[in-house]
Amino acid sequence: MHFRFLLTFLLFPLFAFSQNHTISGNVKDAANGEDIIGAIVSVKGQPDKGAATNSYGFYSLTLPAGNYTLVYQYVGYKSKEETLTLAANQVININLSVSSKDLDEVVVRTERADKNVSSTQMGAFKLDPKQIESVPVLFGEKDIIKTLQLTPGVKAAGEGNAGFYVRGGAADQNLILLDEAPVYNASHMLGFFSVFNSDALKDVTLYKGAIPAEFGGRGSSVLDVKMRDGNSKKYSASGGIGLIASRLTLEGPIVKDKGSFIISGRRTYADLFLKLSNNDRIKNSKLYFYDLNVKANYQLGKKDRLFLSGYFGRDVFGFSNVFGFDWGNSTATLRWNHILSSKIFSNTSLIFSNYNYRIKINTSNQDLTITSAIQDWNLKQDFSFTPNPNNNIKFGFNLIDHTFKPGSIKAGANSNFNNQELSGRKALEGAIYVQNDMRITDKLGVQYGIRYSGFDFMGSAIAYSFDADGNKIGEKQYSKGQSITYYDGWEPRISARYELNNVSSVKAAYNRNFQYLHLLSNSTTSSPTDLWVPSSNNVKPQIVDQYSAGYFRNFKDNRYEVSVEGYYKTLQNQIDYRNGADLVFNELVEGELVYGKGRAYGVELLVRKNIGRLSGWVSYTWSRSLRKFDAINQGKEFPARQDRIHDIAIVVMYDLSKKLKISGNWVYYTGSAVTFPSGRYNLNGMQVPYFTERNGYRMPAYHRLDLGLTWITKKTERTERSWNFSLYNAYGRQNAYSISFQENPDNPQQTQAVQVSLFTWVPAITYNFKF
Amino acid sequence: MNKILLTLSAVLLFLTSCEKVVNINLNNASPQYVVEGVVYAGTDTARVRLAKTTDYYGISPQQILTHATVTLSDDVGNSLVLPYIVGDSCYQLPGFTAISGRKYSIHVLVDGLTIQGSSTLQPPVPIDSVSIVYKTDGFRGAGYEVATNISDPANTPNYYRLVTTINDTLQNQPKDLYLFNDKYNDGKHIRTALKRRFKSGDKITLELRTMDAAVYDFFTSLRDALNNQNGPAPANPNTNLIGGALGYFGTFARSKVSIIVP
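Line by line, the protein sequences are chains V and B.
Just so we're aligned, residue 1 is where the first sequence starts under this note's numbering, counting upward by one.
Just so we're aligned, residue 1 is where the second sequence starts under this note's numbering, counting upward by one.
Bound conformation, chain V alone:
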């Protein structure tokens, strides 16, 4: 009942206006037919009326009958005007052309010059994969996640690492979506590369706060990554050859202007130079990863469009024939866009996601295979309804079937291992949501919504119970489909904007997020064997509440965007491990967990320049992230590992000429909170460190400068050739990757601290082409 009232209230604007007509259609890139996401449609002379295209390039604008001139505009594209007499519903499809990039010309790099100020959304960072091409990165492998780590509120999990923390949250609190499919392990090669091949990507948005109600399932953030649809006008190929990896993308029309495909692949060849070795064992070793993104779409009629996209990536490591270890994600998304009416757009998605790893050992004495997997089937229905220019209502539901296979050992005839299998886990996760982005007055806008989510942990499974020390005290077998534990909750999301004047606004937001899946990791960086576990009779869902507020101001005709955002977050049902926890192949792994709470707060400052020869941003974050567990640190609050108080990043890109671009970035942050010993003792003849408090120390401060140079050797309408040079850690700072305490090898009575640093001066070179 409660919910119905709410729905009526939320949908009220639906009935408020009726004697109007609707203009709807798609906005596409004139050159390749790609949908343009977030293009602005505005009404000349009526600045309070307008619309933006959705994820599929669709827009809907309802106006009273009359004469209008519509203006269509987007990032670095020439604006287009359309004059019409509105007497009935009308479909207008628009193709926008890229503006020729003369240096003197003003190139707009965000959808709308004043979006920073005028949009109700806060706590979001949108990245154009093209824009980051010149940002220097490790080994020259451009990486959206590593670029996002340079923005306020986002911290790298470690040196050169593609894992990240958002606003004091843990790495598993980020919902990483690739064409709506969750990616469970978003990194390659122990975290040094992300799974995202920039060549295949169209749009990347990170929501750090004010998370819209359509997203749910993780506590801290949503990284929404959308793949390109492929060129629907002509066939083309592009790619690059780098030190570590090469990339190739092929795309083209299936039927011109009706459908297109894209295939994009990347493979590293770290192992090819192993072949240079004289040692047979090294010669026969394997060490590589690959990514394959494929996507196709087809316009079935005026109202229907189908999309099929997939991602397949795998890391392969093998030592001679005796040891093999491979892991990777597969995702697939089948989508159906349907225009129900000029005001209602529907998208239905069937999504598959799988992550698994396999370890094979085959020696003269041992023969076994270890496997582990997590798999999702997800049905998602979203509607967007635009009754009038002042309201944009989204509603929908999704239902996810989770299957967890935490581990199995299959022993060969030659093995002394027993075949073993950890109990599988099964869960159903569901959510319904509704939200409205509403313009109340010219100055005041509110985005309000609510999401109801539920999670059913079910059989067939054995549910264990544990005492306070984590010892098993009982177990119960549940049959297939029988509910073991059900959790649910309401997740309110609201944000408001008030424009103080043309160039400045204040915004505030509150959101609550439930997280039903948890990642258990026994390393500080991401590892292929990290284990996703469901909420259960022992593990409660994590609940994160975030309050945020900010001031946004643009300067010099929107050339400079400035924002200051503050947030305060509380985290419930956080997970940590008992001392010496055994997370590997442990049937009773839930007995190794302890539960507590946390809070995080901070202030983020961003100055961004998107226009002109010089572009880039300066980001500064002051933040804290604290945890409190009865079982840890004598129950006293302690800093989380990602509690780095000061974090500065400066990113600068400068166009020297049409052909030469230089770039640089500098980062500085307080060292991570770590546990160091405060004493020692002798045991069994060994020097043992004595720890007194959790995360009571700090790693040394981290700083680094990277430089990049892009040289375009040829550029025409159709073809492009360029070289990219980069230098990672240009002044060779030896940043601490780890610090260990050990006996002094020269004097066993003494002890010492040993620091390991990675990556001082890493040059890289990449050749890129397009034709």
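Worth flagging that the hints you see were computed from the coordinates, not collected in a lab.
Straight-line distance between alpha carbons at most 27 Å, and here's what the computed DSSO-like set of lysine-lysine pairs gives:
| no. | chain 1 | residue 1 | chain 2 | residue 2 |
| --- | --- | --- | --- | --- |
| 1 | B | LYS135 | V | LYS283 |
| 2 | V | LYS476 | V | LYS405 |
| 3 | V | LYS636 | B | LYS52 |
| 4 | V | LYS410 | B | LYS188 |
| 5 | V | LYS360 | B | LYS135 |
| 6 | V | LYS130 | V | LYS258 |
| 7 | V | LYS78 | V | LYS202 |
| 8 | B | LYS195 | V | LYS410 |
| 9 | V | LYS472 | B | LYS183 |
| 10 | V | LYS410 | V | LYS426 |
| 11 | V | LYS426 | B | LYS183 |
| 12 | V | LYS286 | B | LYS135 |
| 13 | B | LYS183 | V | LYS405 |
| 14 | V | LYS658 | V | LYS556 |
| 15 | V | LYS360 | B | LYS195 |
| 16 | B | LYS183 | V | LYS410 |
| 17 | V | LYS658 | V | LYS126 |
| 18 | B | LYS175 | B | LYS135 |
| 19 | V | LYS303 | V | LYS80 |
| 20 | V | LYS360 | B | LYS188 |
| 21 | B | LYS188 | V | LYS472 |
| 22 | V | LYS659 | V | LYS714 |
| 23 | B | LYS195 | V | LYS283 |
| 24 | V | LYS443 | V | LYS609 |
| 25 | V | LYS286 | B | LYS195 |
| 26 | B | LYS103 | V | LYS472 |
| 27 | B | LYS183 | V | LYS476 |
| 28 | V | LYS233 | V | LYS202 |
| 29 | V | LYS80 | V | LYS126 |
| 30 | V | LYS405 | B | LYS188 |
| 31 | V | LYS360 | B | LYS175 |
| 32 | V | LYS360 | B | LYS183 |
Residues on chain B that point at chain V, a partial pick, calculated with CB under 10 Å:
| no. | residue |
| --- | --- |
| 33 | ASN25 |
| 34 | ALA51 |
| 35 | THR53 |
| 36 | ASN172 |
| 37 | LYS183 |
| 38 | PHE218 |
| 39 | PHE219 |
| 40 | ALA233 |
The beta carbon of each residue, even a glycine, is placed where N, CA and C say it ideally should be.
Based on the hints, put chain B in the right spot on chain V.
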């Protein structure tokens, strides 16, 4: 050109890390009691060492406590006081006979504080054989690989530590903590290879110790504290002592084999 590029990449990937001794300021924690109590199966000396922690970088030998009252008892009503023996810097009782299956306890009274711990003596498991194989493959290059073979008793959890003495030197560095159990291979043959290569003439003594679950937990968490300080949460080893002391009290059954690499 390609070859140069590839070689360069190899260098970049693998040789860019570097290691150095650094100066990290550490707090000096107030000293804490440390107990190390060991009882072996059969007739042997029972020993309990009692000391205090020192500053991490301190060079002074640790402070041995000599004024405590240390009692050793079993679960059938026997109880003995262990006197402090100056020469060995510990409380000890020579000729103590420990019987498999019994639960032994220590009781330490020091400065008004009581520290207690107990451990059940497990039956010994013999080393069936030692395999010595000349190897050229694997991660460790060429040389003799030495491995112990045991038959794990079925249907009971078993916990093992392998202690090695190489050319008359006891191996007691953190990397020498060979700990394993029968979690994956209960009742099967368990082979444990030493993580190094040997040459002809090397003299190796292999001592297999069995212990109960709590003592094994102490040793595995000790190994983590020594070798895995960069894990998510380094912590003091899980002691089986009650009363607020560091360390452990363990009973061990031993079986021993000595070999000379041919």
